[in-house]
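Take these sequences, add in the hints, and give me the full structure.
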Amino acid sequence: MKKIDLVIIGGGPAGMAAAVSAYNNGIKDILILEREESLGGILQQCIHNGFGLHKFKEELTGPEYAWKYEKQVFDLKIPFRLNAMVMNISADKQVTFACEQGESQTVQAKAIILAMGCRERSRGALNIAGTRPAGIYTAGTAQKFVNIMGYMPGKRIVILGSGDIGLIMARRMTIEGAKVEAVCEIAPYSGGLTRNIVQCLNDFDIPLKLSHTVVDIHGKERVTGVTIARVDQNRKPISGTEEYFACDTLLLSVGLIPENELAKSAGIALDKVTGGAVVDQNRETSKSGIFACGNVLHVHDLVDFVSEEAELAGHSAAKYILESDKQAEKEITFQLTENISYIVPQMLHSVQNDVIVYFRVANIFKNVIIEVRDDEKVLYKKNIKKAAPGEMECIKLNKEILRDIRGNKIYVELKQR
Amino acid sequence: MYDIAIIGAGVVGVMIARELSKYNLSICILDKESDVSMGASKANSGIIHAGYDAKCGSLKAILNVKGSKMMKQITEELSVKYKNNGSLVIGYTDEDMSAISELYDRGVKNGVEGLEVIDKMKLKQLEPNISQNAIGALFAPTGAIVCPYELTVAAIGNAMDNGAALKLEFEVKSINLLNDYYEISSHKETMKAKYIINAAGLYADEVARMAGDDSFEIHPRKGEYLILDKEFGNLTKHTIFRVPSKMGKGILVSATVDGNLLLGPTSEDILDKEDKSTTQIGMSKVIHGALDNVPDIPLKSVITSFSGLRAVADRGDFIIEKSKTNFINIAGIESPGLSASPAIALYVVELLGEMGVSLTPKTNFKPNRKIFAADKSKYGKIICRCEHISEYEIVKAIHTNPPATNVDAVKRRTRSGMGRCQGGFCMPHVVEILARELNINFEEVTKFGGNSKITIGKTKGIS
Chain A
1 MKKIDLVIIG GGPAGMAAAV SAYNNGIKDI LILEREESLG GILQQCIHNG
51 FGLHKFKEEL TGPEYAWKYE KQVFDLKIPF RLNAMVMNIS ADKQVTFACE
101 QGESQTVQAK AIILAMGCRE RSRGALNIAG TRPAGIYTAG TAQKFVNIMG
151 YMPGKRIVIL GSGDIGLIMA RRMTIEGAKV EAVCEIAPYS GGLTRNIVQC
201 LNDFDIPLKL SHTVVDIHGK ERVTGVTIAR VDQNRKPISG TEEYFACDTL
251 LLSVGLIPEN ELAKSAGIAL DKVTGGAVVD QNRETSKSGI FACGNVLHVH
301 DLVDFVSEEA ELAGHSAAKY ILESDKQAEK EITFQLTENI SYIVPQMLHS
351 VQNDVIVYFR VANIFKNVII EVRDDEKVLY KKNIKKAAPG EMECIKLNKE
401 ILRDIRGNKI YVELKQR
Chain B
418 MYDIAIIGAG VVGVMIAREL SKYNLSICIL DKESDVSMGA SKANSGIIHA
468 GYDAKCGSLK AILNVKGSKM MKQITEELSV KYKNNGSLVI GYTDEDMSAI
518 SELYDRGVKN GVEGLEVIDK MKLKQLEPNI SQNAIGALFA PTGAIVCPYE
568 LTVAAIGNAM DNGAALKLEF EVKSINLLND YYEISSHKET MKAKYIINAA
618 GLYADEVARM AGDDSFEIHP RKGEYLILDK EFGNLTKHTI FRVPSKMGKG
668 ILVSATVDGN LLLGPTSEDI LDKEDKSTTQ IGMSKVIHGA LDNVPDIPLK
718 SVITSFSGLR AVADRGDFII EKSKTNFINI AGIESPGLSA SPAIALYVVE
768 LLGEMGVSLT PKTNFKPNRK IFAADKSKYG KIICRCEHIS EYEIVKAIHT
818 NPPATNVDAV KRRTRSGMGR CQGGFCMPHV VEILARELNI NFEEVTKFGG
868 NSKITIGKTK GIS
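These protein sequences, in sequence, are chains A and B. Be aware that the first sequence starts at 1, since it is given in our numbering, and climbs by one per residue. Be aware that the second sequence starts at 418, since it is given in our numbering, and climbs by one per residue.
Heads up, a few of these hints could be off.
To be verified - Which stretches of chain A does chain B cover? Using the computed rule of at least three CB atoms under 8 Å from a CB of chain B, they are:
id : region
1  : 83-89
2  : 198-204
3  : 216-223
These aren't lab readings, by the way, just hints derived from the structure by calculation. Heads up, the beta-carbon is just placed ideally off N, CA and C, and yes, glycines get one too.
Here it is in structure tokens:
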């Protein structure tokens, strides 16, 4: 069986940044396995701008952002295979993938980086009642039709869910000549970035109906309309508030799910909230030598943060391969508290560098304090003016503080100012 | 001129077609939809019932027991999945247990083998995830599962390979008996046949009426279902039933042959024969009914819901009989129709023999159908990530009898789009492959024929 130092699963922004980082940290024997026809992942269909402000201090489109990393992969001659779908990862790091030509192959890796990204929640996962005609698509599928293939999924649109892709597609469909009747959001707040609400809905006079959901889909062959209703505090539809919207298309932007079937096949422990692997500050999973980064680990709002996380994972994987003798390490775990829905990383192992901690809050908050403490004392404090589930928070804990933590637990808390 | 026209390409019609394709007869199957298996055959529980439920001596009982015994061999010949997982009817009260004891007696009389009434302890051994409140069960080891549309597609494919013709999008509008043959017309075409087999499912009453027979009526009974991710297909080993009522066998919990978990159906008499919508009330009934039996079902893992319409006749039993001259009705084939379908086919061939059809066996009948090799490692480029379906398999489905001409037809043949993302990633590629292979424009590709177009045209093309 062929042996490869580092196999990276997925050639999107996470996979490419991880590959470049591992290369720059001394690992040359790399293989990126990408299931699509080109590198770049979902960025290739994100032709709008707004990418790279954080990372490159310039405003790029998705393909332009992807190119920043594709070019490095090409220049460094990092090997990759396209149309190569990984079918299985074993616990001892054998990777089996289907190839466009010929039989599937299995390679033995010293380390693996999971960078498969995420998928969109579908209508079925929401149990929306009604008929099953053509014209019901996830926002990402519609984006692929419009931006990659050049076809319109419909011309009179209702969008359920105010996730970023839904907001982007509201604007995109409008620019292409379709009429977006409304964006419905079951929560009392949007799940997308504020800048997208402003630039994609407000600027185009597209109504955002908060605390509303689709309760029925109509039409036999093509969608002819949807019924929407207001929901109560428990997000249950309120009888009598139903409203009919004629449309030929329903787009769904109701959440992203990390694609972790391969992680499961390798027996990696998953976090129930993020849907991604449980990792330490190096992005190493519960299986030694298997790392994860990007949207397969937790869903990010900005690709810039995906790149950062992937660079960290690439660096860690390189270190793992080069320093094969590892000692038993003290494990410190992050503890969720009220109003914090998840934290990545979930744990720390022998800290040597500063650690950036990403987390999401569970509701909308104004003027709060983020407090990080161990069992005895407060380690870190930060004032936050506004926090929302749709915007990922990040804080930097410096290594000196982390080194003298008492006990094996760290708590992240949200307090009123 | 065909010897025999079969109206309706559901599982019953195609099983008859396959049986008849063993003889020197010219056969044509007509269906109003853009694909086969578009009625009750695509949306049911996929259970091969043991046969304890139907009234002794009824056609339902006789043909169920016989059909279910034939099923294993047929599925082997057609290379479709079949799993003999066994069924359990769960009892919660003494009343339930006495009903179970009646089912046992009836099953024994119907000729069902291996039936056993088991206590709570044995039930827990067989099915650890069953509700704590269960006190016993009827165990039917001969119960099995199949995929109903996979079976239907394979059976018609095999019949076509043996010479049968299939005409889709042929909605029968009139039937006229001329001297010694029938003229069957749609709104655009007319064909001729000496004999007609009416297997039109929900519309069997209307088709019979066209031939002058108004002796029965069919009404639709809706059943709603939920399907869970493959991760939970092992939650129950057996098909789990409640004690049946006059509206059916209740909400079941069962693995499918593809490894998903299936919950449902509801049972609601409705008026509209085309109303296949799901409802909030229906889905909540399914959830509650399923949780009663198996409390730990992870509802977050539902990947889709659907509903099917059973064709319920006003006579209680299956209607399989000679009607007007050279005309056979097969109607009211509700549950256990799928299980009975191979036996119904034999029964119909016998009826045709009695009616004077000359039945000379073909010497070159090929019983086997195999389109995909078991080893998938050579299939190359994967299109459907969730179900690992390759481009090769999709292309093959488009060019193999019965040819797939739309996205849902590809899905039923290959499972592309049936996984956890429900086609989010693969569907645009499937549209591309269909357009290429059928040599049609991208925007002409439909979800399931008619006006169910996936896209409406090129960007910048909206007027």
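Verification of the hints:
| no. | hint | verdict |
| --- | --- | --- |
| 1 | 83-89 | holds (count 3) |
| 2 | 198-204 | violated (count 0) |
| 3 | 216-223 | holds (count 5) |
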